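Heads up: the sequence lines are chains A and B, in that order. Residue numbers for the first sequence follow my numbering, beginning at 628 and rising by one. Residue numbers for the second sequence follow my numbering, beginning at 13 and rising by one.
Worth flagging that the hints you see were computed from the coordinates, not collected in a lab. One or more hints might be untrue.
Okay, the calculated beta carbon distance ranges per label pair [unchecked claim]:
#, chain 1, residue 1, chain 2, residue 2, range
1, B, R163, A, N819, 48 to 56 Å
2, B, R163, A, G753, 52 to 60 Å
3, B, G198, A, Q804, 40 to 48 Å
4, B, Q92, A, S833, 56 to 64 Å
5, B, E101, A, N762, 32 to 40 Å
6, A, I799, B, L340, 28 to 36 Å
7, A, F837, B, Q92, 39 to 47 Å
Bear in mind the structure is a predicted one, so any value in this text is a computation, not a measurement. Don't be surprised by glycine CBs; every beta carbon is placed ideally from N, CA and C.
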Amino acid sequence: MKTGLLFVDELHGFYKSKVMVFLWIGLPIITLLVRFISAGNSGQNISFTLISALVVSSIGGTLASVMLAVFIINEKNRHVYDLFLIRPLKRRDIILAKFFSVYTCVAIASFIAILAGILTDYITAGSLSTVVLSNTGQSLVTSLSMIAVSCAAGVLIGVASPSVLVGAILVIYGGNQISVIPLIPALFNIQNATIFTILLASAVASGLLFVAVSLFESKQF
Amino acid sequence: MVIDERNKEQTKGIKVINNPLNNNEFVTLHSLTKSYGAFRALDSISLGIKEGEIFGYIGPNGAGKTTTMKILVGLITDFQGEVSIGGFEVPRRKDEIHKLLGYLPQNVAFQEWRTVNQALKTFGKLSGLSDSKVDERIPEILGLLGLDDARQKKVSQLSGGMIQKVGLAQALLHEPKLLVLDEPLGGLDPMSRFQFKDIVLKLAKKGTTILFSSHILSDVQDVADRIGIISHGKIRQIGTLNELKAHLSSQKIVQVLLSYASDKWQEFGAIRHVESVEQPSPGRVLVYLEMGSDEDQVFNNIVQIIVKTGIRVRGVTLLEPSLDEIYLKYVSEAEN
């Protein structure tokens with residue numbers, strides 16, 4: 628199993644990529660800006676953690692899935708994988724390592740952005756209620772679940788799509804639609820919605836990754 | 013018995029000088045066929061490469077060289093026929109095969125964020141080398157290829173020729189038993205080409221089996237033990253360079269270079285077994301021999317006439333077909 632080796636290797640590449648630099652720094656800054664604008668305009672006391680979660684899942688998820696799809700299509704078309712595929716490793720290791728490395732980076736970036744939200748709420752309100760903390764936890768779980776589905780969709784589209792343009796369009800219009808699936812338990816007010824969100828996201832992401840790996844396994848390079 | 017049947021089948025429709033299908037072959041391709049829709053990229057090709065042999069694979073663009081190599085290394089798994097490396101069936105035993113294999117693709121590419129060191133470390137470890145072995149091999153290989161200064165450079169900062177060398181480095185890193193090199197000399201300067209040929213010859217001496225394709229026929233001629241010519245998905249000829257030359261049914265020609273213009277050269281036409289004589293350019297006389305004639309005897313007679321008539325000459329040589337001529341003959345035959 629070379630997934631671990633490839634995972635660490637891909638992390639080296641992703642964490643300092645331009646997109647990730649934007650997510651590391653830009654995501655907390657954008658959430659702060661959104662907070663400032665929304666507070667000034669609406670006058671409502673919206674929890675900043677909720678705003679953080681929305682920003683993180685929409686921007687982070689979209690960027691992560693587009694990044695994954697574009698990287699995979701580019702590397703596939705440039706025959707970068709040829710040198711991996713002629714070595715004693717499973718084809719699925721390449722795909723899974725890519726998914727987990729991007730997901731890990733985006734998950735950490737999301738955590739930082741939401742942490743920025745908690746800190747801002749703490750500074751402005753003076754204290755944090757258990758409700759806010761519970762909501763924050765729920766928001767983080769929802770964000771990470773949506774991002775997992777987005778990333779899996781990005782991988783599948785990356786493997787299946789022949790061109791970067793087609794891939795990017797499919798991810799933006801298709802991948803993002805799929806990523807709202809984990810919101811279903813919360814929308815229907817199902818009891819223990821958080822657990823169902825995690826289960827649903829895991830099932831959808833695993834299904835998408837299974838299809839992606841199957842396609843990649845049968846691909847002729 | 014199986015081999016005999018394969019040999020018979022192989023000889024149908026193609027000329028085989030040196031039957032490669034014997035027991036000590038490390039790579040075997042038998043009736044290999046690959047189609048892309050209606051287009052047949054490989055049409056029942058069979059060849060064998062012995063252990064430690066350098067096999068030059070030549071043919072025009074789109075002849076099927078890259079497809080053959082991709083099937084061998086397991087990048088294309090959807091084909092008909094039998095392929096084996098070191099006794100392991102391709103692609104079924106790919107785990108064993110990939111441990112034996114080093115491959116340089118035609119257009120080698122790396123993830124651009126990698127440094128040369130990172131790329132080689134990853135590929136070395138993926139090939140099964142330990143951390144300490146990788147650290148030992150990287151400077152060794154980079155030194156061999158003259159890439160010491162490039163170790164910490166990003167791949168995106170390298171020239172095409174240097175990327176090609178890094179590609180060769182990753183193929184050699186784990187000391188594979190079989191090297192499959194697809195157009196390895198493309199983009200290399202003359203010095204690097206010389207270095208490459210030297211490396212290939214040394215590796216073959218150590219027992220590495222090498223299959224390489226190239227459009228630069230002089231380079232193939234320099235290093236290959238045997239040469240296979242492929243065109244339109246079919247093997248047209250296989251043999252050593254001398255075998256290919258001997259088999260080429262072209263007329264034998266003796267070239268006489270005169271020191272100064274003289275019409276005494278016409279006397280060569282009176283020699284027995286000389287079909288005709290011509291002077292295509294001033295001072296360059298070509299003596300065409302009859303088919304099946306003894307060139308040594310005619311050569312001797314030409315020298316006698318030179319001595320007798322007192323013609324001053326710069327040289328007398330038997331013209332042999334070059335690999336370029338052999339290549340053109342078989343490829344044009346296939347075209348027709």
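Worksheet item: Of the hints stated earlier, which fail here?
Response: Numbers 4, 5, 6 and 7 - these are the hints that the structure violates, sorted from lowest upward.
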